[in-house]
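Spelled out from the first residue to the last, the chains are:
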Amino acid sequence: MAFGGLLALRGVDIAVEEHQVVGLLGPNGAGKTTLFNILSGLLRPTAGEVWFGGRRVTNLAPWRLSGLGVGRTFQIARPFARSTVLDNVLVGITFRGRHRYGRALDRRHEAERLLATVGLADKAPARANELSLGERKRLELAMALSTRPTFLLLDELASGLSPKGREEVVRFYGRLKERGLTIFAIEHSFRILAHVADRLVVLDQGTIVAEGRPEQVLGSPRVVQAYLGEDDGP
Amino acid sequence: MGRPGRIGLGLVAAALVVLPPLTGFHPYYLYLVSTALLFGTVATSWNLLAYAGQISFGHAAFFGLGGYGAALASLAGLSPWLAIALGGGIGALGAAGIGLASARLRGAYLALATLAYAEIWRGVAHNWTTVSGGGEGLIGIPPLPTLGWLPLDFTRGRAGSYYLSLAFLVVVVAVFWGMLHSRLGLAFAAVREEEERASLLGVHPLPWKILAFALSGFFSALAGGLYVHMVGVVEPDLIFSRYFSILPLVMATFGGLHTLLGPAMAALGLYLVSELLLHPYVPAFHQLPYALALIVVVLYLPGGLSGLFTRKPRGAA
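Chains as they are written, first to last, in this note's numbering: chain C, 20 to 253; chain U, 13 to 329.
Hints may be right or wrong, so weigh each one.
What the hints assert, rightly or not - Short derived list, chain U residues pointing at chain C, Cβ under 10 Å:
id : residue
1  : HIS138
2  : THR141
3  : GLY190
4  : ARG195
5  : GLY197
6  : ALA199
7  : ALA201
8  : ARG209
9  : ALA210
10 : VAL215
11 : SER253
12 : LEU272
What the hints contain is simulated information worked out from the structure, not anything from laboratory work. None of these values were measured; they are calculated from a predicted model. Even for Gly, the Cβ is constructed at its ideal location relative to N, Cα and C.
So here's chain C without its partners, still in its complex pose (with noise of 0.2 Å):
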């Protein structure tokens, strides 16, 4: 994938298993979010494939990804900010390509469950943009769920939230892996990967530096030096 001049990612091979988490992690500027906006279809990408569930779905618009069970969350929550919770998490149970619903009523219903599980069921009537950080990530989360997705591309679910607030987020990646979904995940937290991660790769200026189970890439230099730089390794 190149911008221009500059190449954001390249030689990336990537293959997530079913029901499975995989943990991307990297320094900034490493091609995280640029490889999940290529995944999701917000980007082309100038070279390279990408194939899902058996199928080739390079450049797909966002919408199709979507209808074959594609979901993501953003790193700064992308709530429609001036609609209602409920109607935020209405839009993917309403425009979903697979499990609509014909009744506006059982569309509702389904947006108070999904609300419930993610513990914003009191603010549903309440504008997105009155929501504190913490709820606006269960939100992020709630509108991912929306579509129904068998695929979750999660960016930094627990970036900027207190000590209980990653808890919470653990919780939601078991749960979350209880249900069957695969899960693609950017975490900077090690102690959040090492827990919910079947297996991590590590990005470095746009290729992968290190791939395998949390246990032997956590501990790897080649990642530690991506994250601390060449001298200030330990």
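Once you have looked at the hints, place chain U on chain C.
Frame of chain C; chain U shown alone:
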């Protein structure tokens, strides 16, 4: 809306219904109030497009396409009723066209594109002399015929066009209400607030934008079609005037962006104050209310007049 609001609205509606006999079918006053109602229709349809996040500076294009379409059809012998409906369809097509052409433009760029679009149609009307009559325009557009099966008072003189303009306003407000309470409004708001996010949630933004343009263009063009049948003439500089682009924007913003009744109320209020109070006495300043309204909204009333009646003041909506 609270109880006082509903009673007030009921009174305004009742007054509008009985206005023609009340004024003794005075043609000038009926013409003025009809025009105010048509502005209310255009302002509400402008607001419908704005609800989908598309800010237009070119509603004169749709108003004028409806005007020319209806005028040409009427002059060719079609019944004015059908001619106005046909004009509405032409306006919807013209609006869908600019919606499609400007699909990638947002904010100020979109506003400029729509402004240019209206100017292009003005140029076409000026120069396509064989069809549009050029700068002199078209004359002899017949008034609305009376309807035999209705009591004469409803359709005689200017009363017919008065009630039709009232009906247009009621219908476009009803459509706006329906939009707010259906998946149409959900999609429009999603596209307006966060287009990329909407696309990740299964909403393909372009068809919704084009639908918003077409609906908005349709009702503005109906108003234009009726307007030319009221005044009997159509000229490029009259009907494609920037007046019909800017005033709906000012009225809708002053009344309250994205609100159901604000734009229509502001249209009636501003237009009638301008024409009834200022025009006869200080004609040079008769457009002052629009300028003041815009300044007041920008400086003090971000939610427009409707913002005064909601408990919690906020940006818009």
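To see whether the hints hold, each was checked on the structure:
Taking 10 Å as the C-beta contact cut-off toward chain C, the hint placing U:HIS138 at the interface is violated, the least distance being around 41 Å. The restraint placing U:THR141 at the interface with chain C is violated, with a minimum CB-CB distance near 45 Å, outside the 10 Å limit. Of the supplied interface hints, the one on U:GLY190 is violated, with its beta-carbon coming no nearer than about 13 Å to a beta-carbon of chain C, more than 10 Å. With its C-beta approaching chain C no nearer than about 5 Å, U:ARG195 sits inside the 10 Å limit, and its interface hint holds.
Because the beta carbon of U:GLY197 sits about 9 Å from the nearest beta carbon in chain C, less than 10 Å, this interface hint is met. Against a cut-off of 10 Å between C-beta atoms, the interface hint on U:ALA199 holds, since the closest Cβ of chain C lies about 7 Å away. Satisfaction of the interface hint for U:ALA201 is found here, the shortest Cβ-Cβ separation to chain C being roughly 5 Å, below the 10 Å cut-off. Hint status for U:ARG209: holds, given a least beta-carbon distance of 5 Å to chain C, under 10 Å.
For U:ALA210, the interface hint holds, the least distance from its beta-carbon to any beta-carbon of chain C being 7 Å, beneath 10 Å. Satisfaction of the interface hint for U:VAL215 is found here, the shortest Cβ-Cβ separation to chain C being roughly 5 Å, below the 10 Å cut-off. A least Cβ separation of about 33 Å between U:SER253 and chain C goes past the 10 Å threshold, and the interface hint is therefore violated. For U:LEU272, the suggested interface contact is broken, since its CB lies about 16 Å from the closest CB of chain C, more than 10 Å.
The structure fails to meet hints 1, 2, 3, 11 and 12 from the earlier list, while all remaining hints are met.
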